Amino acid sequence: MTASLRNVAIVAFAQRPIVTRDEHRMATEMLYPVVREALAQAGVERDAVEYQISASTDYLDGRPFGFVAALDVMGSWPPRQDLHLEMDGAFAAYYGWVKLQAGDVDSVLVATHGKTSEGQPERIFNLALDPYYHAPLGLDPISTSALQASAYMARTGITDADLARIVARNRAAGARNPDAQLREAVPAEVLQRAPFHVRPLRESYLPALGETATCLVLAAEGVAERLCERPVWIHGAHHASELQTLGARDLSRSASARLAAERALALAGLASAAEVDLIELSATTPVEELILLDALGLDGRSPDGPVVNPSGGPLCGHPIMSTGAIRLGEAFRQLAGRAGARQLPQASHAIAHGAQGHCLQQNVCFVLGTERRWR
Amino acid sequence: MHEPPADPVKYIETTVRLPYCYVAGDYRARQLRAFKDRKILGSRCSKTGKVFIPPLPNSPESFAPCTEFVELPDRGVVTTFCVVNIPVIGRSIDLPYVAASVALDGADISIFALIQECRAEDVHMGMRVEAVWKPDGERQGAHDDILYFRPTGEPAAPLESFINRL
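Going down the list, the protein sequences come from chains R and F. Going by numbering that gives the first Met the number 0, the first sequence opens with residue 0, and the numbers climb by one from there. Going by numbering that gives the first Met the number 0, the second sequence opens with residue 0, and the numbers climb by one from there.
No wet-lab data here; the hints were simulated from the structure. What you are looking at is a predicted structure, and each value in this text was computed from that prediction instead of being measured. Every residue gets a Cβ at the ideal spot worked out from N, C-alpha and C, and that includes glycine. Treat the hints with caution; some may be incorrect.
As the list claims (entries may be wrong) - Have a look at the derived ranges for each label pair, beta carbon to beta carbon:
{"no.": "1", "chain 1": "F", "residue 1": "Thr-66", "chain 2": "R", "residue 2": "Gly-296", "range": "51 to 61 angstroms"}
{"no.": "2", "chain 1": "F", "residue 1": "Ser-160", "chain 2": "R", "residue 2": "Asp-81", "range": "46 to 56 angstroms"}
{"no.": "3", "chain 1": "F", "residue 1": "Asp-25", "chain 2": "R", "residue 2": "Ala-270", "range": "46 to 56 angstroms"}
{"no.": "4", "chain 1": "F", "residue 1": "Arg-118", "chain 2": "R", "residue 2": "Asp-81", "range": "35 to 45 angstroms"}
{"no.": "5", "chain 1": "F", "residue 1": "Gln-139", "chain 2": "R", "residue 2": "His-196", "range": "30 to 40 angstroms"}
{"no.": "6", "chain 1": "F", "residue 1": "Pro-7", "chain 2": "R", "residue 2": "Gly-61", "range": "33 to 43 angstroms"}
With the hints as extra help, turn the sequences into a complete structure.
Here is the structure:
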């Protein structure tokens, strides 16, 4: 791929620390200060950003068109060009990038919210399955992840102890992230003693479901430099989906993650994912992490290669609809030198990944860099 | 293709049950608590001074935060209304009844309210109304602590006094 595209950068990212349940704030009260903070980082008022996208799901809000409540706290007056996406914020950021490529706007605000504690996510996401054969079985994201884990472990010979080590590495990283929900390092031996939730997944191998709100600001070259001292440029991005029918897919692999990664890397002009310094994956189980690394052409068991989830990843906090946006935000923080105690030295390239649906049905992959991609 | 069966299965029954428990939220929690004391709280935009009810954390119009709570009187003006001739699910209200938009005195946006204690045909834009509360000891800090609004008998408010608060 030799396309020359518009240079677009992430110029701001704000999020609330992830919590299990914010008793005192409704979703809009969580989101408003985050939008203000992102704009403050960019040093602009709301009028300076031309396009806005919110990412949320009405099923978590528990009301049809629940997303419109976000408009009141996103600065939507006078009327703005606006999009709502019933997907994780990473996909909203992808749409923002596409909108910026079209050239009719120079700046985009992406806001995400989701009060996971107000409803029952295991019931809600059961409804994302086919209503004839899958949903009536009572499958939820944990049980479909367990099906996926069994398939992967059978194909590769990965063991329970391997999974525990992956979780332990994520938990140790999360302990350095003030925005993470779980902030305690736990040794693999301890994680491996937790009871099975849905075999082969132990309770300690599951993501901490939480809630937050986030806001990203994207801007095109010419504007980005005014909004941020160290903009983080999008070198490549791609979004791919696969079939809904779980039985029609090889659950031990993610063909759509592989496609998204290959296309994003090609656009970025990188021969391999091994060339980046860090990777933030929307992996909600240790098995998903391995499947995604496979899709990126990396060996998850090798100690070499890019640092994976220096933020602690979704295993240290999975605020549904914001999880992927946080992966982008964390990659931005690392490359912009804003990652605090978890800052990696001299990181220049990163991959950020977002996922949606059961067993990684949809994947979006970004390649980011500290320098402009195209001249 | 084969012919469909003579006696096909036509439907699959699916019962979806999704319980929710909403937090009241910081601003609404204060408003609901104030209902117990027969008080109505709004919030004031720090930039334009506009007063919103229910109280909002920020002005949707100016995007500025609302950093001050304002106690509003429990009376105001009917800004627009409709006459309903169909029953309400879950409530027993004599038909026809009036559903109105009421701008409380001092508020810059209106709330929705039931108008009672008058004939539907007597309701008009600009009619002055007041809240009828549940008695002391029965208010739970809920929206139905205000049972309905009723006419005060005061002279009608001129259109220009509420045309921007519809």
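Okay, the hints, checked on the actual structure:
no. : hint                                      : in the structure
1   : F:Thr-66 / R:Gly-296: 51 to 61 angstroms  : holds, 52 angstroms
2   : F:Ser-160 / R:Asp-81: 46 to 56 angstroms  : violated, 33 angstroms
3   : F:Asp-25 / R:Ala-270: 46 to 56 angstroms  : holds, 51 angstroms
4   : F:Arg-118 / R:Asp-81: 35 to 45 angstroms  : holds, 44 angstroms
5   : F:Gln-139 / R:His-196: 30 to 40 angstroms : holds, 39 angstroms
6   : F:Pro-7 / R:Gly-61: 33 to 43 angstroms    : holds, 36 angstroms
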